[in-house]
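Asks: Single-letter residue listing:
Number of protein chains: 2
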Amino acid sequence: MTSPPHFELLSTDGGIRRGRFHTPHGSFETPCFAPVGTYGAIKGITPAQIRETGTELILANAYHLSQRPGADAIGRLGGLHKFMGWDGPILTDSGGYQIFSLDDHCHVDSDGVTFQSVIDGATIRLSPERALEIQRDLGPDIAMVLDHCPAGDAAEEVVRAAHERTLDWARRQRDLHESWGGAARGQAVFGIVQGGIDPQLRADSARQLVALDFDGYAIGGLSVGETKERMRQALDTAVPLLPEGKLRYLMGVGTPEDFKMAVKHGIDLFDCVTPTRHGRFNEAFTRHGRIKMRNQQYTEDGRPIDDECRCYTCQNFSRAYLRHLAISREMLAGTLLSIHNIHYFQDLMAEIRQGSEEGTR
Amino acid sequence: MTSPPHFELLSTDGGIRRGRFHTPHGSFETPCFAPVGTYGAIKGITPAQIRETGTELILANAYHLSQRPGADAIGRLGGLHKFMGWDGPILTDSGGYQIFSLDDHCHVDSDGVTFQSVIDGATIRLSPERALEIQRDLGPDIAMVLDHCPAGDAAEEVVRAAHERTLDWARRQRDLHESWGGAARGQAVFGIVQGGIDPQLRADSARQLVALDFDGYAIGGLSVGETKERMRQALDTAVPLLPEGKLRYLMGVGTPEDFKMAVKHGIDLFDCVTPTRHGRFNEAFTRHGRIKMRNQQYTEDGRPIDDECRCYTCQNFSRAYLRHLAISREMLAGTLLSIHNIHYFQDLMAEIRQGSEEGTR
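Protein chains in written order, with this note's numbering: chain A, 1 to 361; chain B, 1001 to 1361.
The hints are simulated quantities; they were obtained by calculation from the structure and are not laboratory data. Treat the hints with care, as some may be off.
To be verified - Simulated pairs of lysine-lysine, DSSO-like, Cα-Cα distance not exceeding 30 Å:
| no. | chain 1 | residue 1 | chain 2 | residue 2 |
| --- | --- | --- | --- | --- |
| 1 | B | K1043 | A | K82 |
| 2 | B | K1292 | A | K82 |
| 3 | B | K1292 | A | K43 |
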C-alpha cells in the first residue's frame, strides 16, 4: 500500500467511480462533497457539528487565510488543522478564482497577479510560487495550484493566454512542490484544467497538465454562469483525458442536480458554499425540493424539514420552530438549517456511493 | 417526598444556601444560573451545546413568545419544551420588566397594561390573568407573575402605586393558578417582590407576597441602574422576610461579582443575558477578568481563553483562532464565546455550591 497522500479507485460502474483518498489526517470516500470554510470556519457550525453531518473533507481558502490572520501566523500556531480544530482532511483552494473574479481590479502577468485586497485595499502581489508557499505554511492535506481563471465571457485570445499561463504556472508549482518534498511530507497538490468552453483548449489543458503528473486534477472555470449544457460539454472533453487512477475534482459545484450529472462523467469530488449559504438565507434542501423556511405555511407545521433525515436538526426541531427562528432573525436558524443542508448533501453522496457499489456487484 | 414542583433546601452555610428544585422535567441544583433564550433559543447555541455547558435550567420570555409565534401556537405544537427541543426545566418570565421598560409607550391601570408591540406597533393589552394564561399554554416548569416594575427613578407615589398593584395582581394570579390546578399539573408559580429601593415598601411587598404562599419568590426591580449598595440593601431588607423553604430568585442579575455577593444574602437563582451578549460582542469571562477577544495581543496567542476551563471552546480552540473569527466577523465567534461564557458561569455556580457543602461539613 502506498503511503498517503494517494487516491485508491475502488470500483467503477459505467461512469460512476467509487474511491477513497488517503491523507495523513485520515481518508475520505469518493464521490465526496466538501463544505466550505473560507476563513477557516464553516459559517456558524462547530467542527463537532460538521463531523456529525457525515462530512469527511472540508475546504478552506489559502488566499483569504493568508490575508487574515496570515499563513505564517497559522504555521507558527501549528498549522490549519490545529488552528481550526478539525483533525480530518483539509483541502485549500489557492484563491485564484476569487482574485480573478475581482475583474477590473486585478492585473495578471507571466509571473503572477497584482490586485487590491478586499480587506484594506492594499496592493497585493501573488505569484504561483507564493500561492504554494502559503499552502506549505498552512499545511492542508491537499493544496491547489494557482491558475488563471478568465471571466466566462472573455475573448478567445484572453482565454488562450490564460490557458498557457495556467500550464506554465502549473509546471513551476509542480517543480517547487517536489523540491520541498511535498508528497513525502504528506501534502498532495492538484492541478487545475482550464480552457473555458473551447473543447480544443480544454483538451490541450487536460493533456498537458496530465503530463506534469499531479496527485489529482480539478476542472476549473466552470459554474461561473455558463449553461448546464456547456458544463456537460467541458466535462465530456476533459475528464476522459485524465488518468483513471487520480482523483477528479469539479471546483465550486454545486447543487444535488449537478452532482448527479457530474458523477456520471467520472467526477470524484465537489465543493460548494450552497448548503451553508442557503441555510443562512433560511432555505432547506429536501428530497422533494427546496423549502423557504420563512413561508407562512410552516407556522404550525410540527413535522421536521424532512422526515427521513437523521440530522440533528430534523431529529430535534419542527418546521414551525425553524420558521419561528428565521422570522425572529435568531442566528440559530442559520446554524440549524446549514447543519441540515450539509447533512442532506452528505446523505446524497452516500447514496451515490452506495448506488455505485450496488451497480458493480 | 412531595411531588414536583417543589424546592428542597439541602443545607445552609451562614447565608449561602444549597438546594434543589424539582420539576416534571428533572431537577436543578441551587444556587443556579439560568441562561436566557428570550424567543425560545439561546442565541447561536443548540440545546445539545447548552447541555454541555452544565446548564440545567433555561429562561424564556412568555410575552415575547406570545407575540411571536403565539402561545396558543406553541401549545398546539406540544408546548415550549418540545418546541425548542429542551427537555430540562424551563422558567418563563411574564415580560413585565420588558413592557415597563418601554416607558412612555405603555399605560398601566388596575386591570393590566396597554402598550405598543415592538414587532409591528400594534396596540396590545396584557392583564395579569392573560400573562398567566400565556404561561399555561407554553407550559414552562416555572411561571412568573406579571408585576408592575416602575422605572428606577420613579416618584415615590408611582413606586407605591406599583407596589400595591403588584400585590393585587399577584393575588389574582395566585388564585387563578390554583383554580387551574397549576401545581397539580406540574407548574410552579413564583411571586415577585417589588418596592424599589424604599426599605419599608420592600418589606411590605415581601411580607404580603409571602402571605399569598407562592412556590418561590423573585426579587424584582433591581439591576436597573441602581448602585451595588442599593441592591445589597434591598436584598438585606427583603430576603430575611422570605420563607426558608422556598426558592429565592434575583431576576436579571448579572455578573460573577453579583452572584458571589447575592448568594451570601441567601439567593438561590439568577438569570441574565450577560454570557451570551458579551459572547456575541467578542468578550470572554475568565478567572482573571474579562478578555476582549479582538485585541491585537491575541493574534498569535496559542493558549485557550482559560487553561483551567473544560468547555468545548477551551478544549479545542486558541485565543488566536477566536480573535481571527471575531475580526473576520464569523458568526462562529459568538457561538464559541457564548459557550465558554455560559460554561464559565456554570463552573462558578458549581464552585459556590461545592464551597457551601464543604462549609457545612
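Asks: Of the numbered hints stated previously, which ones are contradicted by the structure, given in increasing order?
Replies: none
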